[in-house]
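Novice: Sequence:
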Amino acid sequence: MHDIKAIRDGRDAFASALARRPAYRDSAVAEADKLLAKDKTLRELLVRLQTDQARRNEASKLIGQAKAKKDETQAAALMAEVAGLKDAIQNGEAQQRTLESEMRYLLAVLPNLPAADVPDGSEEGDNVAMPKRAFGTPRCINNAKQHFEIGETLGLMDFERAAKVSGARFVYLKGDLAKLERAIGAFMLDTHTEKFGYTEVSPPVLVRDEALFATGQLPKFGDDLFFTDPRTSEWEDEVRRWIRNASSSFGGKVDSYTKEQVLNYVRTTAENAASIFGLQNLEATFDWQVRLPRRLALVPTAEVPLTNYVSEEILAEAELPIRFTAFTPCFRAEAGAAGKDTRGMIRMHQFSKVELVSITTPDQSNAEHERMTDAAQEILKKLDLAHRVVTLCTGDMGFGARKTYDIEVWLPGQNAFREISSCSNCGDFQARRMNTRFKGADGKVKGPVHTLNGSGLAVGRTMVAILENYQQADGSVAIPDVLQPYMGGKRVIGT
RNA sequence: GGACAGGUGGCCGAGUGGUUGAAGGCGCACGCCUGGAAAGUGUGUAACGGUGAAAGCCGUUCGAGGGUUCGAAUCCCUCCCUGUCCGCCA
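So for the first sequence, my numbering puts the first residue at 274; every next one is plus one.
Be aware that one or more of the hints could be misleading.
Claimed, not checked - Simulated crosslink set (DSS-like; lysine-lysine; CA at most 25 Å straight-line): (1) 418 / 719; (2) 418 / 468; (3) 712 / 418; (4) 278 / 311; (5) 654 / 452; (6) 405 / 655; (7) 468 / 278; (8) 307 / 493; (9) 654 / 763; (10) 493 / 655; (11) 359 / 334; (12) 613 / 278; (13) 340 / 405; (14) 654 / 405; (15) 763 / 418; (16) 452 / 437; (17) 613 / 493; (18) 359 / 340; (19) 763 / 452; (20) 655 / 452; (21) 452 / 468; (22) 447 / 763; (23) 278 / 719; (24) 447 / 437; (25) 418 / 655; (26) 468 / 654; (27) 468 / 340.
To be verified - Cβ pair distances, simulated, as ranges: (28) 403 / 298: 22 to 28 Å; (29) 712 / 654: 34 to 40 Å; (30) 314 / 712: 30 to 36 Å; (31) 403 / 717: 34 to 40 Å; (32) 591 / 316: 51 to 57 Å; (33) 395 / 302: 17 to 23 Å; (34) 358 / 283: 34 to 40 Å; (35) 278 / 333: 17 to 23 Å; (36) 328 / 475: 40 to 46 Å; (37) 314 / 475: 43 to 49 Å.
If you are wondering where the hints come from, they were derived from the structure by calculation, not from laboratory data.
By construction, the Cβ of each residue, glycine as well, lies at the ideal position given by its N, Cα and C atoms.
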């Protein structure tokens with residue numbers, strides 16, 4: 274979420290930074306001006322409205338005093354005077370609501386601005402390598418097999434049965450591979466907690482729309498998510514409740530309003546909700562704002578519950594940075610990814626990931642970003658897996674990020690580097706969306722916090738990397754030294 | 001899921017239509033007192049927005065959103081959350 278005041282004070286800087294995102298190359302200035310026009314309308318309205326409100330408040334106090342003095346004549350005169358303001362105020366408040374919700378939506382659909390040191394570019398090829406962060410030499414293996422060949426040959430990885438039960442992009446892991454997933458997760462958590470001071474968290478993996486809004490999945494990327502689905506009859510109940518509520522909003526005097534007025538009220542409110550949360554199905558949005566559809570989303574990443582842990586809070590500066598790590602399943606609908614990585618465990622609807630999240634002051638976030646990337650890389654180093662790091666270009670960066678490092682691990686079976694972690698500094702972008710601020714020792718609020726998230730690492734893809742890098746000629750797979758304690762001392766899978 | 005009871009400032013807690021943005025207490029900050037500290041004592045202690053060079057002024061906010069009223073923490077409606085008991089269950 275962008276700060277309208279910042280846009281007001283620095284329209285050109287905002288527009289030129291936004292224009293670095295390829296999708297806004299030509300429209301950034303228009304976007305800024307659209308926002309500023311709406312802002313101007315809103316502020317002009319507020320000046321008028323607040324003048325009326327002030328006059329009403331003053332008169333109301335005088336009425337109270339007059340009544341206390343039993344001066345009914347004066348009280349009546351004042352009441353008559355203020356009565357004329359009522360319509361103007363109610364009207365103004367309604368306009369204010371509309372304008373503010375429109376404003377919020379316009380701000381909410383814009384991506385974060387890239388940091389100054391992020392390279393320009395429109396696609397993956399424009400990402401910039403970071404030679405200093407590179408580690409190891411890509412291993413060349415004769416007749417290297419891909420991870421799914423290894424896993425299926427061992428009889429420990431079963432896509433067909435998973436398809437029978439759940440469809441494409443799911444997998445059963447069995448025996449030592451099931452255990453290996455657990456071992457990898459435990460090893461990562463132990464490293465992050467013991468060496469890097471992260472606090473281990475076991476968070477909810479079903480979350481509300483507001484949480485997804487805060488981290489940026491909504492309103493624009495709802496198609497990538499799995500949602501729980503309320504029953505139709507519940508929606509019908511909801512509609513009835515809504516119409517009842519609407520009638521109470523009209524003072525219980527529904528009869529004195531036309532049916533069209535009431536329905537219009539319901540529809541407007543629902544449309545507001547739909548636009549804010551990017552919902553496709555209007556019927557799913559009768560309830561405005563907080564208690565939206567009775568649905569929950571399966572988290573696409575633990576970033577959502579970990580970051581939202583501090584939503585709507587004012588944190589003490591002294592408790593920052595806050596560092597969380599969690600080992601959770603993640604669920605992605607991946608609607609747009611059909612046909613890509615269809616074989617194997619690279620792109621699944623359900624996968625495990627160890628996530629890292631930091632909440633920091635603005636001063637700390639750049640250093641924290643490097644530190645977080647160090648923590649993620651540390652896992653690969655301990656596993657002795659060759660990898661490289663790239664800084665994502667403006668066109669490849671996610672919606673909420675101002676700067677992102679991707680870690681790409683070497684996969685001999687694919688003869689390619691593949692993404693295994695993405696570490697992003699979101700600056701104050703998410704903090705504004707979830708209203709998380711911090712205050713100094715003097716108790717003064719200093720502004721929004723900064724948030725960062727990174728995979729530390731994707732567990733499924735780490736397993737892929739281990740299988741492909743540690744495969745042996747006889748079809749077995751060596752277990753990396755650091756994982757052996759987590760595997761009951763076992764050194765090889767498949768012998 | 002059902003039945004009750006609640007949701008007020010950093011925390012506890014008073015407040016059922018009119019100078020209550022909110023008594024009182026705790027906590028915190030600063031001062032006095034003290035050799036130093038404790039105790040005691042005085043003062044101050046919300047967020048967001050508008051306006052303004054600033055001081056300030058104004059508006060909004062007592063779980064959320066609506067409504068009634070000249071005026072709502074107080075009345076009405078819907079929802080959310082918490083607690084207790086019951087039901088169900090890993």
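Novice: Hint by hint, say whether it matches the structure.
Specialist: Against the structure, the hints come out as follows:
Under the criterion of a C-alpha separation no larger than 25 Å, the hint pairing residue 418 with residue 719 is inconsistent with the structure, at around 55 Å. A threshold of 25 Å between alpha carbons decides the hint, and for residue 418 with residue 468 the separation of about 34 Å lies outside it, so the pair is violated. Proximity of residue 712 to residue 418 is assessed by CA-CA distance (about 54 Å); at most 25 Å being required, the pair is judged violated. Distance hint between residue 278 and residue 311 is fulfilled; the C-alpha atoms sit about 13 Å from each other, no more than 25 Å.
Of the pairs offered as hints, the one joining residue 654 and residue 452 holds, with about 21 Å between alpha carbons and a cut-off of 25 Å not exceeded. With a CA separation close to 18 Å, the supplied pair residue 405 and residue 655 stays within the 25 Å bound. The hinted pair formed by residue 468 and residue 278 fails the criterion: a straight-line CA distance of about 41 Å is larger than 25 Å. The hinted pair formed by residue 307 and residue 493 meets the criterion: a straight-line CA distance of about 19 Å does not exceed 25 Å.
Proposed proximity of residue 654 and residue 763 is supported: the alpha carbons are some 20 Å apart, at most 25 Å. In summary, the hint linking residue 493 to residue 655 is not supported, as the alpha carbons are separated by about 38 Å, beyond the 25 Å threshold. Proximity of residue 359 to residue 334 is assessed by CA-CA distance (about 16 Å); at most 25 Å being required, the pair is judged to hold. Distance restraint check for residue 613 and residue 278: the Cα-Cα separation of roughly 42 Å exceeds the 25 Å cut-off, and the hinted pair is therefore not satisfied.
With a C-alpha separation of about 78 Å, the suggested pairing of residue 340 with residue 405 is violated against the 25 Å cut-off. Restraint check for residue 654 and residue 405: satisfied, since their Cα atoms lie roughly 14 Å apart, inside the 25 Å limit. A threshold of 25 Å between alpha carbons decides the hint, and for residue 763 with residue 418 the separation of about 22 Å falls inside it, so the pair holds. The straight-line distance between the Cα atoms of residue 452 and residue 437 is roughly 23 Å, inside the 25 Å bound, and the hint therefore holds.
With a CA separation close to 22 Å, the supplied pair residue 613 and residue 493 stays within the 25 Å bound. Distance restraint check for residue 359 and residue 340: the Cα-Cα separation of roughly 20 Å lies within the 25 Å cut-off, and the hinted pair is therefore satisfied. At roughly 11 Å between alpha-carbon atoms, residue 763 and residue 452 fall within 25 Å of each other, so this suggested pair holds. As the CA atoms of residue 655 and residue 452 are separated by approximately 19 Å, the hinted pair is consistent with the 25 Å bound.
In summary, the hint linking residue 452 to residue 468 is supported, as the alpha carbons are separated by about 24 Å, within the 25 Å threshold. At most 25 Å may separate the alpha-carbon atoms for a hinted pair to count; residue 447 and residue 763 meet this at roughly 16 Å. Annotation: proposed proximity of residue 278 to residue 719 holds, straight-line Cα distance about 16 Å (limit 25 Å). For a cut-off of 25 Å, the pair hint linking residue 447 to residue 437 stands: about 16 Å separates their Cα positions.
With a CA separation close to 23 Å, the supplied pair residue 418 and residue 655 stays within the 25 Å bound. Among the hinted pairs, residue 468 with residue 654 is consistent with the structure: their alpha-carbon atoms are about 14 Å apart, no more than 25 Å. Distance hint between residue 468 and residue 340 is unfulfilled; the C-alpha atoms sit about 70 Å from each other, more than 25 Å. Separated by about 26 Å at the C-beta atoms, residue 403 and residue 298 satisfy the suggested range of 22 to 28 Å.
For residue 712 and residue 654, the Cβ-Cβ distance of about 38 Å falls inside the hinted range of 34 to 40 Å, so the restraint holds. Between residue 314 and residue 712 the Cβ separation comes to about 33 Å, which falls inside the hinted range of 30 to 36 Å. The hinted range of 34 to 40 Å is satisfied by residue 403 and residue 717, whose Cβ atoms lie roughly 38 Å apart. Separation of residue 591 from residue 316 is about 36 Å and departs from the stated range, judged on CB atoms against 51 to 57 Å.
Taken as a hint, the range 17 to 23 Å holds for the pair residue 395 and residue 302, whose Cβ atoms sit roughly 19 Å apart. Checked against the hint of 34 to 40 Å, the C-beta distance between residue 358 and residue 283 comes to roughly 37 Å, which is consistent with it. The hinted range of 17 to 23 Å is not satisfied by residue 278 and residue 333, whose Cβ atoms lie roughly 32 Å apart. A beta carbon spacing of about 55 Å between residue 328 and residue 475 contradicts the range 40 to 46 Å that was offered as a hint.
The hinted window of 43 to 49 Å between residue 314 and residue 475 holds, with their beta carbons roughly 47 Å apart.
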